[in-house]
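**Q** Sequence lines, in order, name chains A and B.
Per the numbering used here, the very first residue in the first sequence carries number 1; after that it's consecutive.
Per the numbering used here, the very first residue in the second sequence carries number 1; after that it's consecutive.
If you are wondering where the hints come from, they were derived from the structure by calculation, not from laboratory data.
You may find that some hints are simply not true.
Stated by the list, open to error - Below, computed lysine to aspartate or glutamate pairings styled on EDC-like, alpha-carbon distance capped at 20 Å:
(1) K76/A <-> E108/B
(2) K13/A <-> E108/B
(3) K73/A <-> E102/A
(4) K76/B <-> E39/A
(5) K6/B <-> E108/A
(6) K76/B <-> D11/A
(7) K13/B <-> E114/A
(8) K76/B <-> E7/A
(9) K76/A <-> D115/B
(10) K76/A <-> E102/B
(11) K6/A <-> D82/B
(12) K73/B <-> E102/A
(13) K76/A <-> E114/B
Because the structure is a prediction, the values reported are computed rather than measured.
Number of protein chains: 2
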Amino acid sequence: MSPVDKEAFADLKFDAQGLIPAIVQSISGRVLMMAWMSEESLRMTLEIGETVFFSRSRSEIWHKGKASGNTQKVQKIEFDCDGDVLLIQVLESGPACHTGSESCFDVETLFIAEDTE
Amino acid sequence: MSPVDKEAFADLKFDAQGLIPAIVQSISGRVLMMAWMSEESLRMTLEIGETVFFSRSRSEIWHKGKASGNTQKVQKIEFDCDGDVLLIQVLESGPACHTGSESCFDVETLFIAEDTE
Chain A
1 MSPVDKEAFA
11 DLKFDAQGLI
21 PAIVQSISGR
31 VLMMAWMSEE
41 SLRMTLEIGE
51 TVFFSRSRSE
61 IWHKGKASGN
71 TQKVQKIEFD
81 CDGDVLLIQV
91 LESGPACHTG
101 SESCFDVETL
111 FIAEDTE
Chain B
1 MSPVDKEAFA
11 DLKFDAQGLI
21 PAIVQSISGR
31 VLMMAWMSEE
41 SLRMTLEIGE
51 TVFFSRSRSE
61 IWHKGKASGN
71 TQKVQKIEFD
81 CDGDVLLIQV
91 LESGPACHTG
101 SESCFDVETL
111 FIAEDTE
């Protein structure tokens with residue numbers, strides 16, 4: 001792994017629960033999922049080069065794909081102007097979603113504008 | 001606007017504060033920002049066809065671009081397998097970020113993998 005920008009890391013803002021939302025995007029451009037990271041899971045992500053999240057429902061660190069094999073290799077981590085959202089570009093080795101879909105957003109559509117179809 | 005899928009709307013899960021995260025993506029594929037929507041701001045979004053958020057810091061509804069002119073015309077709204085994150089594709093009429101950048105994620109990079117460059 002290339003060195004992390006330590007000054008940039010210090011600019012990150014974790015919420016009252018110590019978490020930050022992480023948007024995961026395939027290098028194809030498809031948004032795959034959004035999950036939460038703790039400072040520890042972000043450090044693990046940087047250490048191993050694969051996404052590691054914090055499960056709010058189970059209150060535990062979760063290495064994505066450790067069980068299923070569908071890991072996400074981190075290509076780039078950006079964060080937004082407020083420092084409170086991460087955008088992570090990944091190379092995925094399988095479906096992001098537990099349903100077997102490429103993206104967790106493949107499931108349901110709330111609205112499609114008429115002029116796009 | 002085309003009709004909203006009312007059954008899909010009922011599947012959405014707002015958090016304890018009545019909010020849901022909304023990832024905003026340009027039809028170019030670039031992720032522009034993440035902000036929060038209340039049920040009311042989501043209904044307004046669907047009504048006017050432009051993104052309307054809920055500002056957690058100001059505790060108020062916020063029609064993106066109302067002041068700056070940099071509105072976001074909604075093309076598609078998807079949500080994830082848990083029903084607790086929105087992904088909104090938009091046609092933007094100007095920069096998404098208050099800094100003047102196209103994307104709120106143009107500002108800082110925490111990490112870039114060596115094999116991507």
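**Q** A separate judgement is required for each hint: does it hold in the structure or not?
**A** Here is what the structure says about each hint:
1. K76/A <-> E108/B: 11 Å, holds
2. K13/A <-> E108/B: Since the Cα atoms of K13/A and E108/B sit roughly 13 Å apart, the hinted pair holds (cutoff 20 Å).
3. K73/A <-> E102/A: 15 Å, holds
4. K76/B <-> E39/A: Violated, because 33 Å separates the two Cα atoms, which is more than 20 Å.
5. K6/B <-> E108/A: With Cα atoms ~12 Å apart, K6/B and E108/A stay inside 20 Å; holds.
6. K76/B <-> D11/A: Given that 20 Å is the threshold and the Cα spacing comes to 32 Å, the pair is violated.
7. K13/B <-> E114/A: Given that 20 Å is the threshold and the Cα spacing comes to 26 Å, the pair is violated.
8. K76/B <-> E7/A: 37 Å, violated
9. K76/A <-> D115/B: 10 Å, holds
10. K76/A <-> E102/B: Given that 20 Å is the threshold and the Cα spacing comes to 18 Å, the pair holds.
11. K6/A <-> D82/B: With Cα atoms ~34 Å apart, K6/A and D82/B exceed 20 Å; violated.
12. K73/B <-> E102/A: 26 Å, violated
13. K76/A <-> E114/B: Judged against 20 Å, a Cα distance of about 10 Å means the pair holds.
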